[in-house]
Amino acid sequence: MSKRQLAMVMDLNKCIGCQTCTTACKTQWTNRNGREYMYWNNVETHPGNGYPRKWQESGGGFDASGNLRPGRIPDMNQDYGAPFDLNYEQALNPLGQGTSGEPPQLAPARMPYWGANWDEDQGAGDYPNNYYFYLPRICNHCTNPACLAACPRQAIYKREQDGIVLIDQERCRGYQHCVAACPYKKVYYNPLFKRSEKCIFCYPRIEQGLPPACAQQCVGRIRFVGYLDDAAGPVHKLVTKWKVALPLHAELGTQPNVYYVPPLSPYRYDAEGTLTSERRIPDEYLVKLFGPRVPEVISLLEAERERKRRGEPSELMDLLIAYRHEEMFKLDAPSPSKPGGARLRVIPIVAVQDLERRLSERAIAAGGHAGGAA
Amino acid sequence: MASRRDFLKLTGACGLALGLPEELLARIAEVQDPLQAYPERAWEDFYRKEFAATRGDAVGYAFHCSNCQGNCAFHVFAKDGMVTREEQLAQYPQISPSIPDPNPRGCNKGTIHSQAMYEKDRLLYPLKRAGRRGSGKWKRISWDQAIGEIAEKTVETIARHGPAGVMLYVGTGILSQGRRAGPLRLGSLMGAIRLYPSSAVGDMFTGATLAYGIPNVGTSLDAWFEMDYIVLWSFNPNVTRIPDAHYLWEAKWRGAKIVVISPDYNPTAIHADRWIPIQPGSDSFLAMSLVHVVLAEKLYKEDFIREQTDLPFLVREDDGRLLRLADLRQGGRDDVFYCWDEATGKAAPMPGTRGHIRKSLRLGALKPALTGRFEVAGADGKPIPVTTVFEKVRAEAQKFSPEATQKHTGIHPGVVRQLAREYAAAHDPGLTIGFSLHKYAWGVLACWAQALFCALTGHDVVDTEHQWSLGGIGPLASPKPSRFSSGFLGEWFSGRMSETFRRHYPAKEFANRTGLTPDGLVQLAERSRADKWLANYGEPRVRILFADNMFRRNKSSEHYKKTVLDATELYVNVNFRMDSSAELADYVLPAISHYEGWDIRGEVGYHRYVNLTVPPKGLKPIGETKSEWEICRLLAERIEAAAGRRGLGRIPDPAFTVERDGKKEPLTRDLDTLHADFTMQGKLGNDKDVVKWLIENVPAFQPWKFEDAVERGFIVLNSNAGLTSPLYADKPYRSFEEQFYLKRPYPTLSGRQQFCIDQEVFAKLGCTVPTAREALHPSRFPLKYYSPHTRWGIHSTWRTSKYMLRLQRGVPHLNLNPADAAKRGIKDGDTVRVFNDVGEFRTMAKILPGVRPGTLMMDHAWEPHQFARRRGMDAPVAGLLSPLELAGGWGHLRFGAEWDGNQLAYESSVEVAKA
Ligand code: SF4
Ligand code: SF4
Ligand code: SF4
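Which chain is which? The protein sequence lines are A and B, in order. Per the working numbering, the very first residue in the first sequence carries number 223; after that it's consecutive. Per the working numbering, the very first residue in the second sequence carries number 4; after that it's consecutive.
Derived by calculation from the structure, the hints in this document are not laboratory data. Just so you know, not all the hints are guaranteed correct.
Simulated pairs of lysine to aspartate or glutamate, EDC-like, Cα-Cα distance not exceeding 20 angstroms [what the hints assert, rightly or not]: (1) 416(A) - 159(B); (2) 142(B) - 324(A); (3) 395(B) - 276(B); (4) 510(A) - 473(A); (5) 416(A) - 47(B); (6) 260(B) - 348(A); (7) 225(A) - 36(B); (8) 140(B) - 324(A); (9) 734(B) - 348(A); (10) 565(B) - 285(A); (11) 156(B) - 589(B); (12) 142(B) - 311(A); (13) 131(B) - 311(A); (14) 830(B) - 348(A); (15) 52(B) - 392(A); (16) 131(B) - 159(B); (17) 123(B) - 258(A); (18) 52(B) - 534(A); (19) 225(A) - 47(B); (20) 410(B) - 494(A); (21) 260(B) - 534(A); (22) 123(B) - 307(A); (23) 410(B) - 492(A); (24) 623(B) - 740(B); (25) 123(B) - 311(A); (26) 260(B) - 540(A); (27) 140(B) - 311(A); (28) 276(A) - 831(B); (29) 131(B) - 506(A).
Pulled out of the complex, with its shape left as it was, chain B reads as follows (with noise of 0.2 angstroms):
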């Protein structure tokens, strides 16, 4: 142990000596040897009073409702009406002494939340254009003048142009069940415009619906810890699953091997036993070389296939279309679909398909083939050359060898063969994708191809993101139909965003590279419409969002901007802070946050329990905020006010029909109604009463009452939540068991996971099974951009906390490799021009070894206003449509909440130099 005197030696040396005062040494000979006893501990009290101030006088409950799929309880502390700290609840129970508890879940967004809901770019007050929209120009009105203003200019465009005039949208800064439900009850009565917003964001795992019937499958995530070989793919659970990561590298050390796949080295990769790095865009060439892999060296399992999936099922060789009934007899079905039964040597219909009368699976004595090529006789009495779709499949597959697809993917054979045969070796592996896959137009290629390879090795679905089934809710935030319209369309259409994309595609090598010239898409998109494959209801001119921050996600986002809001007569952005899309509004309203109101979650997948929120008793509102129930409440008085005032009760909107006494009926928008339909007669007054009414309601909440989540914060899903198997109370969730084990039919066409679509797009562009495509970044600038999830934000939310930028450079920045760096004379630290034919913005240049070469990343969903002249970091991103996904009228193809399209945000090329 050091002395004293030694010490005292050595403070010259450091520069610190400083006299003590007389006085002060004379107190110092209390202390002999403090690192034997220490005397006077009362000052201890110190830090105590500190923490029982943070832990304050009430406590409630919350969690975070943003688009965040964590959805985490909280306990929230405040003192004095304000709220001080809040602390994850960590009481979630273990479902089996087998598998790790979910707790504490949280984030370091949610820990600070209680410092952003009070920054100073909170909302307090209704505000009113002054200035030109975005001059940042504005006057402080009342709720009354906000309210009857905005109602009296609804009510106006509806008279004019009918309900798709004002376009009611909530956006995914609110995916609760209570919060919603008002913006959503109000647009729906109203017959108003909403879109598909995992559309609009790009969310829809299309490829998930291509084989599947629905995108949203896979396991709860705490079956990661049930698995012995994980594969992440286009996944950063450590960034993007913050709550859930941990059950990865607690089934590492259970003794699972976990390989991640992206183009950077990113935080799961470094915890992976093997990283395999891809260039971007190329997924599905490394999907179909697996397939290639499993099929050549036949690591399939034939009983798997030849029952769950349309592997077996016949195809005309002549025009490569599925053999159906009609095929063979003059006016027979189109949807009763053949195999080739070796029992008898004969095509056979299988069983299960939507038009066959036996709706399961079982094969029975039937014994269909699985390769071969065959004759049968077609309806005109011409024999038809047929064969199996497996054959179809494996043709396709002869062609993405891993040597073949090496230089698409960068990745040396060797190391795809191993993960092709581990994969399908191990005994229950699993593959989880993220949702940058399909922010590339082939990533509807990838996933389809992932699913194949999955089905092949006879393990289960690829993952994608399961969500529950909670049913129940449509009384409440559907009682009539909105115009619920294509996300992805919409924005497409409304930001007219082929102009970009004509721009930055040169014609030959994007033919080349999708077999459709640039035209041939938009004449594509414009089909889809027309033929109403994707809902359109044309532009809006009212536009009243919630918790959508449009003019920031939105791609191209320069052009979209002034496009949208040069269409847009009156604009209205309810927030609870100014972001980027409310700063430009006509109107901003200002709304509670996550802890001010009540509110239930429970439909987010990754696990099973329904958080609520309950405000600490006495919490101060916020300044005028209201919640948006009230909101919604309060519009749809005064606009059945203002409706009465010109004369307009029942408006009949024959876009939709009602039955009525066997007759069908054109359906009535009821404005002279509004305030007591909306409220449900008086039932629902509060957002209190949403909840009360959701937990009464939803069937999977069941049979928890009001109380039973007020006292915990929380109840447990019951078994009915799973969609395609029951949740189970002691066991992780997993998709499809009432297929695997009940032989219960798919939602999709055949009844089975499906892997031969003949749509007619799907056919034009040689894609009716799963193929490969070369990614479309422009060659003619050097950069391949793209810009994944961040740790930092929930998308926008969060991202302009000052606890959070404190933490990473305090302005965005973007990423790159040294070597491309040095080329450039960029240093960390400069200022960047990031530029191509689209669009610029300026930017910190970090430098990242585990940037692939030749590509940028940028975080995304900063806010424009962080950047230099408002010019934010998606202004160089072209518009760009899969066309793939413009598909419809088909099978399942048909649009819903199952089948809707992407923008794509990763498929841009850019030049970076100092600025």
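Pulled out of the complex, with its shape left as it was, chain A reads as follows (with noise of 0.2 angstroms):
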């Protein structure tokens, strides 16, 4: 059992869909060595079918009495969707080198059939009383992780001090097994080191005290890191005290470590075109992913937010709106070892001149006087 647990909150109701996550995740890790395929951290559209394609359909977890359910491993076309290259050279020729006939159009080498992020923004419904939201997803670093029981070497572990579920990678033989058994589908397998790799809660970053790449770098400031234990962390607070941020298909029983606050939508219209005071996403389908107290938790949400709008003080909505970008993060870590040498002193904002004073001789020059009819 891991000592400690590092855990994550996102609040979906911030997010954008602008995948910077994905992005910083990919560039951190999984542009280069057999890893191009995966998405250790995807967004995607919900309803939809998500990625890897499916995964909701695709099994594994634990039954309810705690044994492994089997589990598919996803497809590579199918369901991941090969990573396709362009023809740049072919249609573009940009070092004008010898070229016969009309260039080909700028296209992917082989059409995708699937991608990460292929049903994006399609959802559900019918206009205009549709909907959809975003559901980012990392590896849940789960408190009792399938892919690790799964594990026919034992080369999946929780880390003592933070509970970051890795994939020994001297020790793995790439069997899969993992693959199939976590239920997020959050394992893949890297054909070219041959061997099963995942999300590493960005350990080296972390260890640095420096959040996870997909967390420091969420511009949408959905996420939350620290010690689920930490009372004074943002995360505990929370997950424990106010119980907004609830974990993702829990019945699946690996107990999974990062949280989502559930979205909010706009309200429905009915037949004539007025607005009723239903909000469009339906409550069953949140419940669906993230249990039955969704209701309360919405409830909870919109009652908190009443009392800031009429100036009432609310610590969740305080801890929601995240005055500051570097308190979303507790690391408990020493001092920060920011890139580019020595910690700069902190830079002041230029104050030239106050309100008042700029504004009185501004008055002065132009008179200063009201002016009647000329």
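If you follow the hints, you should be able to join the two separate chains into one complex; please do so.
See the structure below:
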């Protein structure tokens, strides 16, 4: 059992679907070495098939009595979508090498069948009451990882100091039991190294006091990172104290450590085109993902928002607003080693004049008296 | 917890049972239960080493100077001279504890430039065309040969046709003050033609200029956090303002209500409290209905509009024109205007107008009437019946009750009334519009009516795209006047877009909706040019383009391409990648991209931080690429030499004059000293010198030193950066405090927010006060086609990066409503043909329930070379102009940075079929 557990909270009400997290993880880890097809961090539109395609129907996890459920290994083309290259040289000939005939159009060398964001913004329902939202997903670094339980080589473990689930890259032989067993389909087989890999919660960054790339670089500022038992940290407050952050598909028994604040949505229209007071994402849909407490959490969010609107204090809303980016992360590590050498002194904002002075000086310059009819 | 034995039983079930070699089984025994403890962790260095490699051995700073208004600071990491990765700097200071800080800023595109800069579409060497244009046949040549030949042809053209024979244009691919300076400076010294980019791409907020005299007004985007009621209209910030969108959703948690108005259920709408679906192009009707409700229910703030707007101005009932001093006194000024003073019962001149000696909005003893009908004695002694602008506005708004406009907008009247009431009642509401609105012919009216709505409710101004006023750049970027031309009109004439316009818009239908026949519009465009309402210097023979994807962005693209190329004798494209315009050029010159040279940018008004690009130490140049500054310097050198050989030195350019010893003389273009002039007598040798110069000379950058900026990667603007308000150190920026509090006039003819414009085009079309007009989509094709901004590119930049395409579908796709698709037997993933009488293209269909029935939506800026036969998505978009944007020669409607029109993009109709 790990002594402590690092966890992530994502506020789906702030996720804008920009995929900056996806590209941040991509350039940090998966743009090389046989990982090109992998998205350790992906963001998918819900309702939808997601990534890998239909992962929610691919089995894995545990049944009610705690036994592993069978799982499916996703297909490279049909489910992940093989990472295509483009015919830049033939189509564009940027180096001016000899060509003959009409250049072809710029296109994937092989047309993809599926991709990590294939059903972007599609969702469900009929205009103007259709609906969708974004669900970013990384490895859940589960407390009871199905991948770990499934590994016959015992090559998967939880780090003692932070609960990060890792696949020992020296020990792994690429049997892919973990790939099938993870109900979130967050383990990927590396065909080049012939072993399985997955999100490592950026432990090399964590160890230097830097938040995971996907969280640090999340421009929607939706992600909080910290230790679950750290009562002073935002993660503990959102998960344990306010209980507004819920795990995804908890029924699969892995005890995930990524938590989501479920999304509100715009009101529906009735047949005449007037607004109702019913939110357009059906509760049942969110309950299917985040469990039975969804309606209760949404009511709490709305009530606290109303308090804040009235000018009353709300710790919950202040937490979710996240006034300071760096306070979204509490890693208990020694002082961050920021790149660029020594830490810079804090940059002051240049206050040239204050309002009163500037305004009054201008007024004097302009004559300083009210004008009557000329 | 599941036991291992349980699992092994199951492996057969998933068909994965693999035999384990003996010796491996032996090693397994070392680990007891990995959930409890794991002994061997030395391997963890594996990922640590990879991390260290991405962190590299050198670090620099950068931002992306493309036409993205994000302007986000990044760290750039490099190893062995190659960029490995970038990461947002995330070190901007918080301006106040009550406003969330702006970190980390950045987006999906910015975070993959480290990959895109080494992509296989990168240009590495100068190329010269070796076949017909666009054939893809090139010869690699040296810089020396390329610059020499281009200089020779340029000088020959100047000798034959004067400076107007050359266009030297830097497009929106570079908007930073540093890298943009080179092409601007060279073009300005030579007197070359350059278009107004904002107009050429359709980003002018002309409706705001009508009302305020300037197009770019509003707030820095952190102001959203302070607001309690936010309306986002034709604006999709979750996609187009990725780094700042968080302020909206943080405002929502602070209690703000958020309303999104758009035809499609866009990614911003999903987080709103209310989404109001609207028929594309019908925005002016909704805006007028809001005005209607505010007037009918008396929700307006009289004090505000009496002082800050022209609504109390007197207007003649006989000819509808504003009452001027000239009407009352023979030879009187025509920029002094009147109100009806209730205190004296007489007409009285309003202070603060252009012609009034008192430059203040303070009313003093004046009590201007808002309503009523009066009589004044004309210059000839005859009485003139007058009323107020307010009365005219009210009469016009009378026509647009929410019930009456529902048939245009598709919005239930109850929804409109609720919106108007809530907005008027809110404490600190904001209405922000996006660039989409002015892509329709009547966007100008919609925006003007929105401004009126904001004024009536006493709530500030409509938010467009606020920009800082940096100052001090003139001596660097425009040492002499260039041939600065109207962007949209220039493209209209160059591409002979009148031809596709006439083809697409049936005369009767068009005339019914605009009050002008198609011929009338074409003549109006001619008139606007002839009367110099808008500047145009004719067609250039030589086009030298920097960072401009001209043949991608122009509408009627096939027609435009042929027309422009046929008229161009030399076409040079300076670019970092082979885009759809570079591939048509005669010469392609390889330039640096965002991380490879020195640069600085600070004009974007969304935030107050000025970013720097400082390349990581030891960064290896990519191929033979050069900075824009260096390319321009070389051009200057060789043009000077080529001119010298022809005996050309100082060429008089009588289109412009200078004062010398009290006498007006024609300006000269001094080709004999071009290189020395370009480098400021050797002071500005390279791009780093330019950045230094800017930091030393731009007042809004004071007191920061070059060294401070290089140390941090950014500096913070001082209070002078605000154009109409100070930029306070601890508060978000909001426009027009000088007008609201100091009562200084607005830069309009009336000196106020102006809602009556009696310029002749406005008068002729019945638009002297805000009104609404029907969208122009021809009814003979069933689907309205529009193309909003995408989250996957900044226009075409990064559009073809494989890292972006893999997160889409690899090929361009068109979005259809499921019902429209089903009617035509189209399924998701099918190849379809989009066509009308202007052009056609083929693309993949994507079924999107959030697309409004009867419309087709396609994210814009796919490269034409991504389509079959290189026919891009703008092939069926007809040329179109808004007649109101052709007006000029009146008050504050004079061509320049504040007044120019838009290339319209969203008002063509098409049909779609399975290909
Ligand atoms: S999400 Fe999947 S891979 Fe990650 S720890 Fe849980 S079971 Fe393992
Ligand atoms: S924590 Fe790190 S490895 Fe995991 S998804 Fe995020 S960026 Fe990728
Ligand atoms: S970066 Fe943040 S806001 Fe953007 S998609 Fe990822 S989680 Fe959502």
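The hints, checked one at a time:
Between the alpha carbons of residue 416(A) and residue 159(B) the distance comes to roughly 64 angstroms, so the proposed pair goes past 20 angstroms and is violated. A C-alpha spacing of about 17 angstroms is found between residue 142(B) and residue 324(A), which places the hinted pair at or below 20 angstroms, so the restraint holds. Only pairs whose Cα atoms come within 20 angstroms are accepted, and residue 395(B) paired with residue 276(B) is rejected, the gap being roughly 35 angstroms. Annotation: proposed proximity of residue 510(A) to residue 473(A) holds, straight-line Cα distance about 10 angstroms (limit 20 angstroms).
A distance of roughly 18 angstroms separates the Cα atoms of residue 416(A) and residue 47(B); the hinted pair therefore holds under the 20 angstroms criterion. At roughly 24 angstroms between alpha-carbon atoms, residue 260(B) and residue 348(A) are farther apart than 20 angstroms, so this suggested pair is violated. Taken as a hint, the residue 225(A) and residue 36(B) pair is honoured in the structure, with Cα atoms around 15 angstroms apart against an allowance of 20 angstroms. Restraint check for residue 140(B) and residue 324(A): satisfied, since their Cα atoms lie roughly 10 angstroms apart, inside the 20 angstroms limit.
A C-alpha spacing of about 43 angstroms is found between residue 734(B) and residue 348(A), which places the hinted pair above 20 angstroms, so the restraint is violated. Note on residue 565(B) and residue 285(A): the hinted pairing is violated, with a Cα-Cα distance of about 66 angstroms set against a maximum of 20 angstroms. For the given pair, residue 156(B) sits about 12 angstroms from residue 589(B) by alpha-carbon distance, which is consistent with the 20 angstroms threshold. Simply put, residue 142(B) and residue 311(A) have alpha-carbon atoms about 15 angstroms apart, close enough for the 20 angstroms limit, and the pair holds.
As the CA atoms of residue 131(B) and residue 311(A) are separated by approximately 17 angstroms, the hinted pair is consistent with the 20 angstroms bound. For the suggested pair residue 830(B) and residue 348(A), the alpha carbons sit about 17 angstroms apart, so the restraint of at most 20 angstroms is met. Between the alpha carbons of residue 52(B) and residue 392(A) the distance comes to roughly 15 angstroms, so the proposed pair stays at or under 20 angstroms and holds. Proximity of residue 131(B) to residue 159(B) is assessed by CA-CA distance (about 19 angstroms); at most 20 angstroms being required, the pair is judged to hold.
In summary, the hint linking residue 123(B) to residue 258(A) is supported, as the alpha carbons are separated by about 17 angstroms, within the 20 angstroms threshold. Between residue 52(B) and residue 534(A) the CA atoms are separated by roughly 49 angstroms; this puts the pair beyond 20 angstroms, and the hint is violated. About 19 angstroms separates the Cα atoms of residue 225(A) and residue 47(B), which keeps this hinted pair within 20 angstroms; it holds. Restraint check: the Cα-Cα separation between residue 410(B) and residue 494(A) comes to about 13 angstroms, which is no more than 20 angstroms; the hinted pair holds.
The hinted pair formed by residue 260(B) and residue 534(A) meets the criterion: a straight-line CA distance of about 17 angstroms does not exceed 20 angstroms. Restraint check: the Cα-Cα separation between residue 123(B) and residue 307(A) comes to about 10 angstroms, which is no more than 20 angstroms; the hinted pair holds. Between the alpha carbons of residue 410(B) and residue 492(A) the distance comes to roughly 18 angstroms, so the proposed pair stays at or under 20 angstroms and holds. A threshold of 20 angstroms between alpha carbons decides the hint, and for residue 623(B) with residue 740(B) the separation of about 49 angstroms lies outside it, so the pair is violated.
A hinted pair counts as satisfied when its Cα atoms are at most 20 angstroms apart, and residue 123(B) with residue 311(A) qualifies at roughly 7 angstroms. Pair hint residue 260(B) plus residue 540(A) holds up; C-alpha atoms about 17 angstroms apart against a cutoff of 20 angstroms. A distance of roughly 12 angstroms separates the Cα atoms of residue 140(B) and residue 311(A); the hinted pair therefore holds under the 20 angstroms criterion. Straight-line distance between C-alpha atoms of residue 276(A) and residue 831(B) comes to about 17 angstroms, which keeps the hinted pair within the 20 angstroms bound.
Restraint check for residue 131(B) and residue 506(A): the C-alpha separation of about 63 angstroms exceeds 20 angstroms, so the hint is violated.
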